Amino acid sequence: MDPDAVAKAFVEHYYSTFDANRAGLANLYQEGSMLTFEGQKIQGSQSIVAKLTSLPFQQCKHNITTVDCQPSGSGGMLVFVSGNLQLAGEQHALKFSQ
Amino acid sequence: MDPDAVAKVFVEHYYTTFDANRAGLANLYQDGSMLTFEGQKIQGSQSIVAKLTSLPFQQCQHSITTVDCQPSGAGGMLVFVSGTLQLAGEQHALKFSQMFHLMPTPQGSFYVLNDIFRLNYA
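Protein chains in written order, with UniProt numbering: chain P, 1 to 98; chain H, 1 to 122.
Quick caveat, the hints were computed from the structure, so don't treat them as lab data. Note that this is a predicted model, so its numbers are computed, not measured. A couple of the hints might just be wrong.
[Said to hold, decoys possible] The list that follows gives simulated cross-link-like pairs (lysine to aspartate or glutamate, EDC-like), each with its CA atoms no further than 20 angstroms apart:
#: 1; chain 1: P; residue 1: Lys41; chain 2: P; residue 2: Glu31
#: 2; chain 1: H; residue 1: Lys95; chain 2: P; residue 2: Glu31
#: 3; chain 1: P; residue 1: Lys41; chain 2: H; residue 2: Asp68
#: 4; chain 1: H; residue 1: Lys41; chain 2: P; residue 2: Asp2
[Claimed, not checked] Pulled a few chain P residues facing chain H out of the computed Cβ check, cut under 7 angstroms:
#: 5; residue: Thr36
#: 6; residue: Thr66
#: 7; residue: Gln70
#: 8; residue: Leu78
#: 9; residue: Ser82
#: 10; residue: Ser97
[Claimed, not checked] Pair by pair, the computed Cβ-Cβ distance ranges are:
#: 11; chain 1: P; residue 1: Lys8; chain 2: H; residue 2: Gly32; range: 23 to 31 angstroms
#: 12; chain 1: P; residue 1: Thr53; chain 2: H; residue 2: Leu55; range: 38 to 46 angstroms
#: 13; chain 1: P; residue 1: Ala88; chain 2: H; residue 2: Gly75; range: 20 to 28 angstroms
#: 14; chain 1: H; residue 1: Gly44; chain 2: P; residue 2: Asn21; range: 37 to 45 angstroms
#: 15; chain 1: P; residue 1: Arg22; chain 2: H; residue 2: Gln59; range: 43 to 51 angstroms
#: 16; chain 1: H; residue 1: Leu87; chain 2: P; residue 2: Asn63; range: 52 to 60 angstroms
#: 17; chain 1: P; residue 1: Asp19; chain 2: H; residue 2: Pro106; range: 22 to 30 angstroms
#: 18; chain 1: H; residue 1: Ala74; chain 2: P; residue 2: Asn27; range: 17 to 25 angstroms
We put the beta carbon where it would ideally sit given N, CA and C, even for glycine.
Just chain P, same shape as in the assembly:
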């Protein structure tokens, strides 16, 4: 499958899941997975999902502006996303890159 299509499908799945039910992200991470969230380093699926489900908002909506991908060597893929994040009840959306 075309790498750009794979990246696009992954990104749509990731943020739809994030916005609907953050706990559902668990099977996208493994024990060796690492998340750095606003500078905080977290390792392993369990801890990562605990962090994401404890973020201080109930509802959010990601709007994706750009998706870039490149093969990273040894079969991996780098996916670089930018967009904005609207939290329920907040007037202005937050810009993010991931």
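Dock chain H against the given chain P, drawing on the hints supplied.
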């Protein structure tokens, strides 16, 4: 050496070189290196440096706000940078994010295997 320290040193070297003399970036890339610059895909050190040296400004100054790094497996390191870019003569600085995937060289330093650059607009 502490990975965060390695990342910080690389970032300082990369942007200092970029701002002083973009042609000097050539030895940070190899034949298999990839750059995606505002969506345009470029491969190989020669083509990458040709792209960077042909960007339509003479002088620029990068100011780095955040640097995050993680090991990428196979001895590599991911470095994620955000900051601003001031072009000479422009009133407002541009915001950008950039991701590097660094791989070790036999000589004990790093080269850039993957490089993705995006301006962050309002």
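To see whether the hints hold, each was checked on the structure:
no., hint, result
1, P:Lys41 to P:Glu31, "14 angstroms, holds"
2, H:Lys95 to P:Glu31, "34 angstroms, violated"
3, P:Lys41 to H:Asp68, "9 angstroms, holds"
4, H:Lys41 to P:Asp2, "15 angstroms, holds"
5, Thr36, "5 angstroms, holds"
6, Thr66, "6 angstroms, holds"
7, Gln70, "5 angstroms, holds"
8, Leu78, "5 angstroms, holds"
9, Ser82, "5 angstroms, holds"
10, Ser97, "4 angstroms, holds"
11, P:Lys8 to H:Gly32: 23 to 31 angstroms, "24 angstroms, holds"
12, P:Thr53 to H:Leu55: 38 to 46 angstroms, "42 angstroms, holds"
13, P:Ala88 to H:Gly75: 20 to 28 angstroms, "43 angstroms, violated"
14, H:Gly44 to P:Asn21: 37 to 45 angstroms, "43 angstroms, holds"
15, P:Arg22 to H:Gln59: 43 to 51 angstroms, "45 angstroms, holds"
16, H:Leu87 to P:Asn63: 52 to 60 angstroms, "28 angstroms, violated"
17, P:Asp19 to H:Pro106: 22 to 30 angstroms, "45 angstroms, violated"
18, H:Ala74 to P:Asn27: 17 to 25 angstroms, "24 angstroms, holds"
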